[in-house]
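Residue numbers (our numbering), protein chains in the order written: chain L, 1 to 348; chain B, 1 to 303.
Keep in mind the hints are simulated off the structure, nothing from the lab. A hint or two may mislead.
[What the hints assert, rightly or not] Listed below are the simulated PhoX-like cross-link pairs for lysine-lysine, each with C-alpha atoms no more than 25 angstroms apart in a straight line:
1. L:K216 / L:K9
2. B:K296 / B:K214
3. B:K216 / L:K140
4. B:K198 / B:K216
5. L:K95 / L:K115
6. B:K14 / L:K144
7. L:K9 / L:K28
8. B:K214 / L:K115
9. B:K296 / B:K216
10. B:K296 / B:K198
11. L:K140 / L:K115
12. L:K95 / B:K214
13. L:K267 / L:K235
14. B:K214 / L:K140
15. L:K144 / B:K216
16. L:K216 / L:K156
17. L:K144 / L:K213
18. B:K198 / L:K115
19. L:K115 / B:K296
20. L:K9 / L:K27
21. B:K216 / L:K115
22. B:K198 / B:K214
23. L:K216 / L:K144
24. L:K156 / B:K216
25. L:K140 / L:K156
26. L:K9 / L:K235
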Amino acid sequence: MASHAIEVKNLYKIFGPNGGAYVDAVKKGMGKAELNEQHGHVLGLQDINISMPAGAVTVVMGLSGSGKSTLIRHINRLIDPTAGEVLYDGVDVCKMNENALREFRRHKTAMVFQKFALLPHRTVLDNTVYGLEIQGVERKDSEKRARGWIERVGLKGFENHFPNQLSGGMQQRVGLARALTNDADILLMDEAYSALDPLIRVDMQTVLLDLQKELKKTVVFITHDLDEALRLGDKIAILRDGRVVQQGTGQEIVLSPADDYITAFVKEVNRGRVINVETIMRPLSGNAEGVPLVTGTVLESAARTMTAARVATAHVVDENGRPIGALDLSAIISAMVTPVSHDDRKAA
Amino acid sequence: MASICSVLPELLCKFPAIDEGMIRLARKTIDDGFKGFVRSYGDAIDTVVQPLQWFLNYLEGLFVGSPWIVILVLMVAVVYFGSRNINITIGTALSMIAIGLVGLWNDTMITLAMVTVCTLISILIGIPIGILMARSERVQAIVNPILDVMQTMPSFVYLIPVVMIFGIGKVPGLIAVVIYAVPPMIRLTNLGIRLVDKEVLEAADAFGSSTWQKLKNVQMPLALPTIMAGINQTIMMSLAMVVVASMIGVGGLGKNVLQAIANQFFTVGFLNGFALVGIAIIFDRTSQAFGKRLQKHSEVIHG
Numbered sequence: 001m002a003s004h005a006i007e008v009k010n011l012y013k014i015f016g017p018n019g020g021a022y023v024d025a026v027k028k029g030m031g032k033a034e035l036n037e038q039h040g041h042v043l044g045l046q047d048i049n050i051s052m053p054a055g056a057v058t059v060v061m062g063l064s065g066s067g068k069s070t071l072i073r074h075i076n077r078l079i080d081p082t083a084g085e086v087l088y089d090g091v092d093v094c095k096m097n098e099n100a101l102r103e104f105r106r107h108k109t110a111m112v113f114q115k116f117a118l119l120p121h122r123t124v125l126d127n128t129v130y131g132l133e134i135q136g137v138e139r140k141d142s143e144k145r146a147r148g149w150i151e152r153v154g155l156k157g158f159e160n161h162f163p164n165q166l167s168g169g170m171q172q173r174v175g176l177a178r179a180l181t182n183d184a185d186i187l188l189m190d191e192a193y194s195a196l197d198p199l200i201r202v203d204m205q206t207v208l209l210d211l212q213k214e215l216k217k218t219v220v221f222i223t224h225d226l227d228e229a230l231r232l233g234d235k236i237a238i239l240r241d242g243r244v245v246q247q248g249t250g251q252e253i254v255l256s257p258a259d260d261y262i263t264a265f266v267k268e269v270n271r272g273r274v275i276n277v278e279t280i281m282r283p284l285s286g287n288a289e290g291v292p293l294v295t296g297t298v299l300e301s302a303a304r305t306m307t308a309a310r311v312a313t314a315h316v317v318d319e320n321g322r323p324i325g326a327l328d329l330s331a332i333i334s335a336m337v338t339p340v341s342h343d344d345r346k347a348a
Numbered sequence: 001m002a003s004i005c006s007v008l009p010e011l012l013c014k015f016p017a018i019d020e021g022m023i024r025l026a027r028k029t030i031d032d033g034f035k036g037f038v039r040s041y042g043d044a045i046d047t048v049v050q051p052l053q054w055f056l057n058y059l060e061g062l063f064v065g066s067p068w069i070v071i072l073v074l075m076v077a078v079v080y081f082g083s084r085n086i087n088i089t090i091g092t093a094l095s096m097i098a099i100g101l102v103g104l105w106n107d108t109m110i111t112l113a114m115v116t117v118c119t120l121i122s123i124l125i126g127i128p129i130g131i132l133m134a135r136s137e138r139v140q141a142i143v144n145p146i147l148d149v150m151q152t153m154p155s156f157v158y159l160i161p162v163v164m165i166f167g168i169g170k171v172p173g174l175i176a177v178v179i180y181a182v183p184p185m186i187r188l189t190n191l192g193i194r195l196v197d198k199e200v201l202e203a204a205d206a207f208g209s210s211t212w213q214k215l216k217n218v219q220m221p222l223a224l225p226t227i228m229a230g231i232n233q234t235i236m237m238s239l240a241m242v243v244v245a246s247m248i249g250v251g252g253l254g255k256n257v258l259q260a261i262a263n264q265f266f267t268v269g270f271l272n273g274f275a276l277v278g279i280a281i282i283f284d285r286t287s288q289a290f291g292k293r294l295q296k297h298s299e300v301i302h303g
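Input sequences plus hints: build the corresponding full structure.
Shown next as structure tokens:
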């Protein structure tokens, strides 16, 4: 199945009995606090424009209250927008009627929830077939597909357990299996790993990345954790107070944070695991020296390769092995430490 | 008081009740109207509820007519497979034997048939109304005060119209019992559905469940413990009400109690009373154990 991109255009969400009346005021610059004080409405999202590329992971990052969970619920319209469009394959999800929306949810989207939201009275297997059961797929067929995914997420042997008998990490694997069994193009993950402890979280991230390599779904992943965002996201959008403050690749966000808010985040990031060699390489002058490093190698592993080979210089090669740039150990180290300017900005 | 009244105008001192003649007239009009209604539609209503009469008679005949040992074995089996608890099962057998020994077997069977039918009807009426209430704030706003009236109105009061329409017999008794016993069924179904985890409902929505699929797969199963509590309450209230219903011709243990009150038969009264307590406890423990067993999946909680 070919994946399609999702385009979010000029999306506004104002919570309250009469949200539509205040869209213009918000467009003219009324802020969240003002709207709440004067009109008793809560500004959820304002002027969101994000294009989520097909077959890639788009991470929406923000702290609690930033509107990220509200945003993801607009994609399958669990929340109705006040104004704006969500386009999938050229169709505006926000304009679908009830039937079309139900079909869209059944066949095009699957969702994983922060608190798992499994059916407590159903076994792992019965939870996993839920999406197909709703679609009316025959039990024999759905069970076969479900068993396949249960095995893929590493829960073989637990098919007949109830969710309450499983740990949080295992429950979320069930949530993931349930979503994948649907075989939908869009995978929505609402803080899917936030409730898991750190080691299991990294484990589950690996599961997702491995699956994504072959599935190439259009994944929308919500998180409040920048490390998670950088690890998973082909594209990252950062939300604050219902507004997109910056969007781009992980590299772009770490290397040129748009404002103090993002700078404060980025400061704590392990840059060695985010920045790629081609980002800091200088143009090739003369012969390629030292060890070759393929594009996409992060600085940390580049440094490891170079120290293991006991050389201070290296050159970057593209996928075909053609040299395209050079760098040395000191450049790597200076890129890996947090720039002084970030500390200054934080202090100011 | 008189001193205050000497200062106040009379209107504020003595409540200005509506003229007695007027009240008498209103009373007569309403009574006559209702009697007229009964006269013209009584037969039609009787025909409509006739199946209830048949069902009740059939079940009563079955319970009373079967050899006691068959009923006892059946009851013990139902209790055992419902509760899977050996103590409750033994308790059931012992109390039923005790009831038989003091000569109340047949009366107990009549009461049992009555309570069974009342409970079934209460469930059939209560669950759909409860579901409607949970789905709509407006229905809830309308039904709640009606339930309040049903539960607080002294049962003797609504026996009056019931008897006027249906006369004396089992069906009016059954209707009186259901009016009394159905409110907890409705309320707890409503509550159970409203308490279903919002996140799970959202997940069901996200996968594209239709309203019916949500009800069938999520709301009803998750509300089941609360609904079971409702059924339990309904059984208990039916048992309490069969005594009152004996005033309008329901037989069984209730009738004996009524006679004992009228004649001051201390021992008979208590024997019948204890027989009622016995069945009440059997029903209660069995239905609770059954409800708990349905919730087995929630027992093993993993951190």
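Can the restraint linking K9 of chain L and K28 of chain L be considered satisfied, given a maximum Cα separation of 25 angstroms? holds, 18 angstroms
Quickly compare the C-alpha distance for K14 of chain B and K144 of chain L to 25 angstroms and report which way the hint goes. violated, 83 angstroms
Satisfaction of hint between K213 of chain L and K144 of chain L, Cα-Cα up to 25 angstroms: It holds: about 23 angstroms lies between the C-alpha atoms, which stays within 25 angstroms.
Holds or violated: K216 of chain L to K156 of chain L, with C-alpha atoms at most 25 angstroms apart: This hinted pair holds, its Cα atoms lying about 24 angstroms apart.
Could you grab the alpha-carbon distance between K140 of chain L and K115 of chain L and see if it respects the 25 angstroms cut-off? Judged against 25 angstroms, a Cα distance of about 29 angstroms means the pair is violated.
Verify the proposed pairing of K216 of chain B with K140 of chain L, using a straight-line Cα cut of 25 angstroms. Between K216 of chain B and K140 of chain L the Cα gap is close to 21 angstroms, so the pair holds against 25 angstroms.
Given the hinted pair K198 of chain B and K216 of chain B, is their Cα-Cα distance within 25 angstroms? Holds, at roughly 16 angstroms.
Is K267 of chain L within 25 angstroms of K235 of chain L, Cα to Cα? holds, 19 angstroms
Has the given pair, K296 of chain B with K214 of chain B, been kept, meaning a C-alpha gap of at most 25 angstroms? holds, 22 angstroms
Is the straight-line distance between the alpha-carbon of K216 of chain B and that of K115 of chain L 25 angstroms or less? Holds, at about 22 angstroms.
Are the Cα positions of K216 of chain L and K144 of chain L separated by 25 angstroms at most? holds, 22 angstroms
Pairwise hint evaluation, K27 of chain L against K9 of chain L, where the allowed Cα distance is 25 angstroms at most: holds, 14 angstroms
In summary, the structure is inconsistent with hints 5, 6, 11 and 24 from the numbered list given earlier, while agreeing with the others.
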